[in-house]
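Novice: Given these sequences and hints, build the entire structure.
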Amino acid sequence: SQQGEEDPQALSIQEGENATMNCSYKTSINNLQWYRQNSGRGLVHLILIRSNEREKHSGRLRVTLDTSKKSSSLLITASRAADTASYFCATDKRGSSNTGKLIFGQGTTLQVKP
Amino acid sequence: DVKVTQSSRYLVKRTGEKVFLECVQDMDHENMFWYRQDPGLGLRLIYFSYDVKMKEKGDIPEGYSVSREKKERFSLILESASTNQTSMYLCASRPDRVETQYFGPGTRLLVL
Numbered sequence: 480s481q482q483g484e485e486d487p488q489a490l491s492i493q494e495g496e497n498a499t500m501n502c503s504y505k506t507s508i509n510n511l512q513w514y515r516q517n518s519g520r521g522l523v524h525l526i527l528i529r530s531n532e533r534e535k536h537s538g539r540l541r542v543t544l545d546t547s548k549k550s551s552s553l554l555i556t557a558s559r560a561a562d563t564a565s566y567f568c569a570t571d572k573r574g575s576s577n578t579g580k581l582i583f584g585q586g587t588t589l590q591v592k593p
Numbered sequence: 039d040v041k042v043t044q045s046s047r048y049l050v051k052r053t054g055e056k057v058f059l060e061c062v063q064d065m066d067h068e069n070m071f072w073y074r075q076d077p078g079l080g081l082r083l084i085y086f087s088y089d090v091k092m093k094e095k096g097d098i099p100e101g102y103s104v105s106r107e108k109k110e111r112f113s114l115i116l117e118s119a120s121t122n123q124t125s126m127y128l129c130a131s132r133p134d135r136v137e138t139q140y141f142g143p144g145t146r147l148l149v150l
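Residue numbers (my numbering), protein chains in the order written: chain A, 480 to 593; chain B, 39 to 150.
Keep in mind the hints are simulated off the structure, nothing from the lab.
Note that this is a predicted model, so its numbers are computed, not measured.
Glycine included, every Cβ here is placed at the ideal spot set by N, Cα and C.
Wrong hints could be hidden among the right ones.
Cβ-Cβ distance ranges computed for the label pairs, FRET-style [claimed, not checked]:
#1 A:Gln493 - B:Ile115: 45 to 55 Å
#2 A:Lys592 - B:Asp134: 34 to 44 Å
#3 B:Arg52 - A:Leu554: 21 to 31 Å
#4 B:Glu55 - A:Asn531: 44 to 54 Å
#5 B:Asp97 - A:Arg559: 29 to 39 Å
#6 B:Phe58 - A:Ser518: 33 to 43 Å
#7 B:Lys41 - A:Leu554: 37 to 47 Å
#8 A:Ala560 - B:Arg146: 34 to 44 Å
#9 B:Leu150 - A:Asn517: 26 to 36 Å
#10 B:Asp89 - A:Ser537: 30 to 40 Å
#11 A:Gly519 - B:Ile98: 14 to 24 Å
#12 A:His536 - B:Leu150: 41 to 51 Å
Each computed DSSO-like pair below joins lysine-lysine, with the alpha-carbon atoms no more than 30 Å apart [to be verified]:
#13 B:Lys95 - A:Lys505
#14 A:Lys505 - A:Lys548
#15 A:Lys505 - B:Lys93
#16 B:Lys41 - A:Lys535
#17 B:Lys91 - A:Lys549
Specialist: Next comes the structure, spelled out in structure tokens:
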């Protein structure tokens, strides 16, 4: 079963605008990660936020985590055409052994128009 | 940089054929994973391995097996390919005590 659900499924914006995508999950977690996938390629890790953190920044990326609502958001500021990709959240379920099993959401497809 | 490679980018096979997908990582990672990715379903874990010769079933292991004879190599085997196994297959690896997974470029498999 899918742990994460992402919203929206697709997002189209103009270059320079900000893009926000959301992820909801069902169980308690150790951490939540965001990955990016360019068309037809593998996934690339973007950022990890732990369950005791509320906000994290990395360059133009800002991630928030609300464990009471079991949700996270990824904000990409000042978007560029090169940000066009699919974005996935992935959770590491609390209480699981150290196998590193991640449960991925269905992803948000972002298109940034030049 | 971590490098995870997969043996083929595209593969076309016939129903009933035995299919091998290979994944190699060059960073001595203990853990390796096989996922399949389908539109609207995201990534689903097929099998993972946390050490040489060790494996555990993921969420959708039916119709698949795996082999890990060497630390750097993790093979996914489709014993008798079926059309519903047409998909994108992604391999990933991860060292112990690090949560981030490193992905290969993927193999797009078409079973006719």
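Novice: Hint by hint, which ones does this structure get wrong, listed from lowest number up?
Specialist: 3, 6, 7, 8 and 17
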